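Undergrad: Residue numbers (the working numbering), protein chains in the order written: chain D, 1 to 350; chain A, 1001 to 1350; chain F, 2001 to 2350; chain L, 3001 to 3350.
Hint data in this document are derived by calculation from the structure and do not stem from the laboratory. Quantities reported herein were computed from a predicted structural model and do not represent experimental measurements. One or more of the hints may lead you astray.
[Stated by the list, open to error] Here are the simulated lysine to aspartate or glutamate pairs, DMTMM-like style, with alpha carbons at most 25 angstroms apart: (1) Lys-3304/L / Asp-2034/F; (2) Lys-2304/F / Asp-3115/L; (3) Lys-3162/L / Glu-225/D; (4) Lys-2273/F / Asp-2223/F; (5) Lys-3162/L / Asp-223/D.
Protein chains: 4
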Amino acid sequence: MFFASDNWAGASDQVMHALSTHNQGYAPAYGGDDLTQKITKKFSEIFETDCAVWMVATGTGANALSLSTATGPGGAVFCHEDAHIRVDECGAPEFLTSGARMWGLAGRHGKITPDSLRSGLEQIPHGVVHHGMANAVSLSQATEVGTAYSLDEIGALSEIAKSRNLAMHIDGARFANALLALGCSPAEMTWKSGIDMLSFGATKNGALCAEAVLFFNPSYGQDFEYRRKRAGHLFSKMRFAGAQFEGYLKDDHWLKNAAHANAMAERIASGMKDKSSARLAWPTQSNEVFLHMDRAQSDALLAKGAMFHEWPSALLDERDRPQEGESLIRLVCSFRTAQEEVDLFLSHIA
Amino acid sequence: MFFASDNWAGASDQVMHALSTHNQGYAPAYGGDDLTQKITKKFSEIFETDCAVWMVATGTGANALSLSTATGPGGAVFCHEDAHIRVDECGAPEFLTSGARMWGLAGRHGKITPDSLRSGLEQIPHGVVHHGMANAVSLSQATEVGTAYSLDEIGALSEIAKSRNLAMHIDGARFANALLALGCSPAEMTWKSGIDMLSFGATKNGALCAEAVLFFNPSYGQDFEYRRKRAGHLFSKMRFAGAQFEGYLKDDHWLKNAAHANAMAERIASGMKDKSSARLAWPTQSNEVFLHMDRAQSDALLAKGAMFHEWPSALLDERDRPQEGESLIRLVCSFRTAQEEVDLFLSHIA
Amino acid sequence: MFFASDNWAGASDQVMHALSTHNQGYAPAYGGDDLTQKITKKFSEIFETDCAVWMVATGTGANALSLSTATGPGGAVFCHEDAHIRVDECGAPEFLTSGARMWGLAGRHGKITPDSLRSGLEQIPHGVVHHGMANAVSLSQATEVGTAYSLDEIGALSEIAKSRNLAMHIDGARFANALLALGCSPAEMTWKSGIDMLSFGATKNGALCAEAVLFFNPSYGQDFEYRRKRAGHLFSKMRFAGAQFEGYLKDDHWLKNAAHANAMAERIASGMKDKSSARLAWPTQSNEVFLHMDRAQSDALLAKGAMFHEWPSALLDERDRPQEGESLIRLVCSFRTAQEEVDLFLSHIA
Amino acid sequence: MFFASDNWAGASDQVMHALSTHNQGYAPAYGGDDLTQKITKKFSEIFETDCAVWMVATGTGANALSLSTATGPGGAVFCHEDAHIRVDECGAPEFLTSGARMWGLAGRHGKITPDSLRSGLEQIPHGVVHHGMANAVSLSQATEVGTAYSLDEIGALSEIAKSRNLAMHIDGARFANALLALGCSPAEMTWKSGIDMLSFGATKNGALCAEAVLFFNPSYGQDFEYRRKRAGHLFSKMRFAGAQFEGYLKDDHWLKNAAHANAMAERIASGMKDKSSARLAWPTQSNEVFLHMDRAQSDALLAKGAMFHEWPSALLDERDRPQEGESLIRLVCSFRTAQEEVDLFLSHIA
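Extracted from the complex, chain D is given alone in its bound form (with noise of 0.2 angstroms):
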């Protein structure tokens, strides 16, 4: 019963057999290998669209860099105020922007809204210096509460960052759950909808070490190459990050791996319906549940050996806080996760 994160699991076999299959002969270092040109072409398959694809080592460094593109002096980059940008990077995007502000919004079940975005910009006026620049806005999707935003949703968010000239970006370390929570193309949930850069995670959802910056906007990430470097995040045997992309994109396998996780969360929320001693926090819309349990409950979930991670719930919305007595907890469901784990943790709960 491991729900504790989907970090937790290890590899795909499909893309552990990628590494193997590419670790034959010699291949050219820092980029310059066949690979890494067929993984750019491969994405821009799957976006429908050319895009600028950079391979990083991790998903704090897409997030961190890529924003590092559209950050001016003094610059604000607007995210929910629970964004992992903001609260579980250590300061990685203050730092490698060389300073930008993370501009926490509050909103209900993770998401920003239109009003609490354009109340921020009232607060960084345009052309005002003491306040700074406003830059970027920056979705995390899905959100680090396991729901996503629309259509819609993000559409509205990009029609206000335009009219301010702010980039938008995603933090996608979940996109392949959110996208099938959407039931949309990957070109429809970015660029059609006004994104401008996305991090694009693979490392949750099945490989080693592989995250990758995408640029749909060509006025952004121009200096990338030279950003991921000075950064250190520029692998030497690049291929083997190729490698995990190759077994991780081919043959819709990113998507099969979320779908499973996705199901498998969908399976724990519709097990609950009828418990008296748990309930949804809200609506789950990827691969990450989020329950208010009785304490007594969640501690004997504990001592049966089901491993989660009790969430904060400081920075949540009053309304979505847990009652006295009760915990807030998160399970994370993977590529990995087998049926038998989620329908054991169900039998225990009363």
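Following the hints, put chains A, F and L in place on chain D, whose structure we already have.
TA: This is chains A, F and L only, laid out in the frame that chain D set:
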């Protein structure tokens, strides 16, 4: 005949095998896994002392982040003029240290000397704010041109450095190759010679993407965990970095790989003895051979399919530069270099 | 009727006189002059303790550079949501600290509370690398909205901060005004209340461009000289910074200036008592008065030549915001404010 | 006999007078005052072109912040080995550019040459990510050793720089002195010779603390206002920076001051002709004289009360270094240097 770079070789079978072995079941993310602890212990055994060990994504990350723990405002790191940190890392050390200067010192055969270090220190005397601070000395071991500092040479530089409280750092992208060249223990080549911190490279010698920073002196690196994360160098599925190191360090695999690479380089060097159209530029001490060669000869070799790079001579001592009509070429051997490749190459040289 | 900002007033005669006095003959540059030493001694007398004193060009420089001595990788500085360092310095603290985060805390009347600080600390628990480090607390004294922390309030916050080894910093752009509001000694308002470092402002209260950073706790600021130079804040003709401080501190000039400014503000506040169209937004404790006022009234005052700014209410506690049809205006008095200006202003209010 | 530095002189009477004149009444803060606009206009007249003008606190700030507008990730700025930005600013350029490298080039008499620039550019070829980017060339005019680039020399360097799209910057701490040495117009010495940006120094030549950055090429510096604020270089009472420049630029005061300083230096240089124990190290072209002198002689001069510094010879071309038993001394004249001082000094030399 692939002698372009040891980065062109893939990963060794033993490292690949370790990856598969450790891709079983669930494991805590971000270094909370058992393997990470095990690797630290293994390094302490190899180096015969307790040391702090931090795995990072790249050698550039290892160098820049380790040096960042030793540099202050206006800081300077002394290194050879052609050191990787000064000319080949796109300013990563400057960026990740928030502006420290990589202060190039001259010296034949890729090595700085006590005199050049003393001369550098005179330019940054203690306590003159305009000139900034002298903070560290970084040695490439093996050097960029395939030579290795002797224990006496390291010791002499350390003594000067310590007299000004400078940290001693080794860029060990080819640590194993240098170690075998000296025939000493890892402890002797590092902390017993005054080295405080080490970028321990595994990628060039058989890993996919595994580098580590080791601190022998506990005065440095107390906040390294935060520096690594802040630069986006903390892998989420850290077990795979650990797995690479397990395969790499087990049963002296790393030393065997390096021994083979060094032997192949030595075979090339020996094969040069009777050649009229090429000669060793300087002694071969690791897995790299540098040859002065008639340009017609080097062109012919390329035409026959040999892969190698010409080496820029601008930063060389005048006495080490190629003569008119000659090129200076670098041949790099790796654990994968076949004796047949070497012999074929030699057979093509007049 | 100039109430726009205390920065609109020029310099006081006494400060100007000191400039002329010290513009005689030659003096060593870069702080090697006698005056620099004299100023340090004077500050130590005023604060009744040995302290390190560094003069810098601006208040923003003073804040950002002092905080940089206390922040580590992924660091966070707790401050009020509307603190100058968070919203009015164009990201200088983030930039000059290489990425520390200014972590806004809520609180009425511009003050953070023990509860809000504790709540902030819970979000950055010790030892969780993802969340970074909690490094410092910065208090604006007087606050951005003209109130002043009491000694008890400072002490209570310091106690919480010290329990987590956080540095306590005061942004004292209006230090003198707050000091008089409390009626205590400089020592009591700083190190005796747990303050480690202070941005001591002189510019708003009579100087041309003179700010100083004071370290009461020798654990901080050992490398400040280098930080100041590295940011371009070391004046070459430092004597002129010293001269400003000499004129400013001599014969309690700074306290007299602040006493006048505070008295003028109090005169406005008192004059509001019987007004139907305006009321104090919160108590006036320094040289700033905040009024809720019918918008028609505030428009009329502007039309009559009064100079003042409307204050943004987005960051205010809901209970402190203006009502429908009202504006919230800020009136700032300075050493130059004439009683006639105040009385004329009052006469215009219905 | 004060020849230690032009920074040892105070401010000129005309500048002091302007300060007093503009210390009347209220004026908008942060550059919103009329005087700031007036200064911009005045500079555009002097330089015969529209230019953007930004006043900052120090020359180090001017240099580092202007260069920051031209440098990208992994960027490099070519300058002479002994340039102020490389050796005397405590890493401020590296810090405020977020890590650009100050790339030292050799050259006699403090000047880089077309050959040395071309050689530097070869080390950072276009498009090789490992080596970073070549972004700018910075010339000290006058140089650190008191010489001045001719218009032809500047033009030749600009031509090379432009062929690689590098920005041309002048560190004009002693701009006026060099201008008079060349006898050309400000326009000719800057934008007509390909200069894109200028650190225009006033402090050494009569101001208290007034420096300005001028952009002649509108491709650079669009976000300079934000860079200045982010580094804490925006004075709140900006009128006082403006006042200094008004006094400094009015009625050719700046040129008169420099003419006097240059004349005093020339008087020293001429006075050396028949001296046996001292000789000019190289031609005197501004307000600085460098002498090779018997050490006994220089010791005797110090004993007699002459104030000057010995100049470090480590960075000099071998042909320019003092001989055994000699010291190399620097004598700096300023607008305040009295002819009597000069003559007394000369009378002491054998």
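Undergrad: Now tell me, hint by hint, if it's right for this structure.
TA: Structure-based check of all given hints:
no., hint, verdict
1, Lys-3304/L / Asp-2034/F, "22 angstroms, holds"
2, Lys-2304/F / Asp-3115/L, "67 angstroms, violated"
3, Lys-3162/L / Glu-225/D, "23 angstroms, holds"
4, Lys-2273/F / Asp-2223/F, "51 angstroms, violated"
5, Lys-3162/L / Asp-223/D, "20 angstroms, holds"
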